[in-house]
Amino acid sequence: MESKVLDREEFRDQYDKWVKFVATNHHGANNRFNVDPAFTPLQKPLAEARVALVTSAGVHLSDQEPFHTATVAGDSSYRVIPNDVDFSTVRFAHTHYDTSSAEQDLNVVLPITRLAELVERGRVGAASPIHIGMMGFNPDPSAIADTTGPAVAAALTDADVDVAIFAPG
Amino acid sequence: MCHRSVGLVQGAVEAAGISTASVALRPEITLGTNVARAAYLRFPLGNPFGEPDQPAQHHRILEDLLVLLETATEPTVIELPYRWRRWEKWL
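Chains as they are written, first to last, in this note's numbering: chain A, 1 to 169; chain B, 1001 to 1091.
No false leads were mixed into what you were given.
Here are the simulated distance ranges between beta carbons:
#1 A:P150 <-> B:R1085: 37 to 47 Å
#2 B:R1083 <-> A:E10: 19 to 29 Å
#3 B:R1085 <-> A:T157: 32 to 42 Å
#4 B:P1055 <-> A:S100: 14 to 24 Å
#5 A:R8 <-> B:P1055: 29 to 39 Å
#6 B:A1056 <-> A:G122: 11 to 21 Å
#7 A:R12 <-> B:P1081: 19 to 29 Å
#8 A:E9 <-> B:T1073: 15 to 25 Å
#9 B:A1056 <-> A:K4: 18 to 28 Å
#10 A:T71 <-> B:A1056: 31 to 41 Å
#11 A:T24 <-> B:A1056: 35 to 45 Å
#12 A:H27 <-> B:P1055: 39 to 49 Å
#13 B:T1073 <-> A:F87: 30 to 40 Å
Sample of chain A residues at the chain B side, in silico, Cβ under 10 Å:
#14 V5
#15 D7
#16 R8
#17 D16
#18 W18
#19 V19
#20 V22
#21 H26
#22 P41
#23 L46
#24 H94
#25 E103
#26 L118
#27 D162
#28 I165
Pulled a few chain A residues facing chain B out of the computed Cβ check, cut under 8 Å:
#29 L42
#30 S101
#31 V109
#32 T148
#33 V152
#34 F166
Derived by calculation from the structure, the hints in this document are not laboratory data.
Computed from a predicted model, the values in this text were never measured in an experiment.
Backbone N, C-alpha and C fix where the C-beta goes; we use that ideal spot for every residue, glycine too.
So that you can see chain B by itself, here it is in the shape it has in the complex:
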């Protein structure tokens, strides 16, 4: 339900003229709730930006969200290619 709560508030913030992007760990809920921009990660709940004390990983995910903000021209949900505990290979 976290994803629906996030998606509904995200929708209100976007409607107020603020550009938004979210992390999604349950893509069906984020897609169903209908948001402007989101990036799906196959990470466990509770870890939307990755593992604790892994700043490079957090930055990789944030950068992907920033690029999505810069490039999307319509509501867009993407899937990021990273896998839990195997993210190093993508850095």
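Bound-form chain A, shown alone:
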């Protein structure tokens, strides 16, 4: 079995239903999407590229403020997770997915060990010194789109990142 390319239009009804579901079930809900999505071709071979990881699984460090998971408004903030993080200091603040796999092995949501192995094998050039933790439960994603997105982009640009790999919670 091969990978197949998905057509956005085929999922349109399902997406519209989901948007309606969120609007019905969450006070103050709103919707945003990338109107004209950017596309940046790889600027250099992966073997020379610096790679960062971004997760919305509520990953933060024990000495950082946990994400607010109880509020209806969600939490649009983000945390910087150093590449050399001690895994025992990682916490998960998220109430909308089962965190047990992530608690057992951080690599399930933030594959820092795997990235180090890819660097060792020469598949990618380097690991970014920083990765990004967010908490994805945001019924109104306006702040995510208008503030968090540009701030994360600036942080990764400052870290000379060429490639970023994202994963949801």
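With chain A held as given, fit chain B onto it using these hints.
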């Protein structure tokens, strides 16, 4: 909503000149949010790179994302053929 939050930040990072790819477990949300590159997996929420302590599985998925980064020439979302707890047959 995780997928929408990821997709919106992914869009901003891509717009800043950084090439991006994401895992999607809810393809309709990722497609609707409109991102540069994503790979849909029929895995449960909370397991975007697979099962705990299965490095070969994590690497398989990461490699698929890297190949997508190397080959896509326009916004592309693909579906990967792996199935939860039956991934061994694809390695």
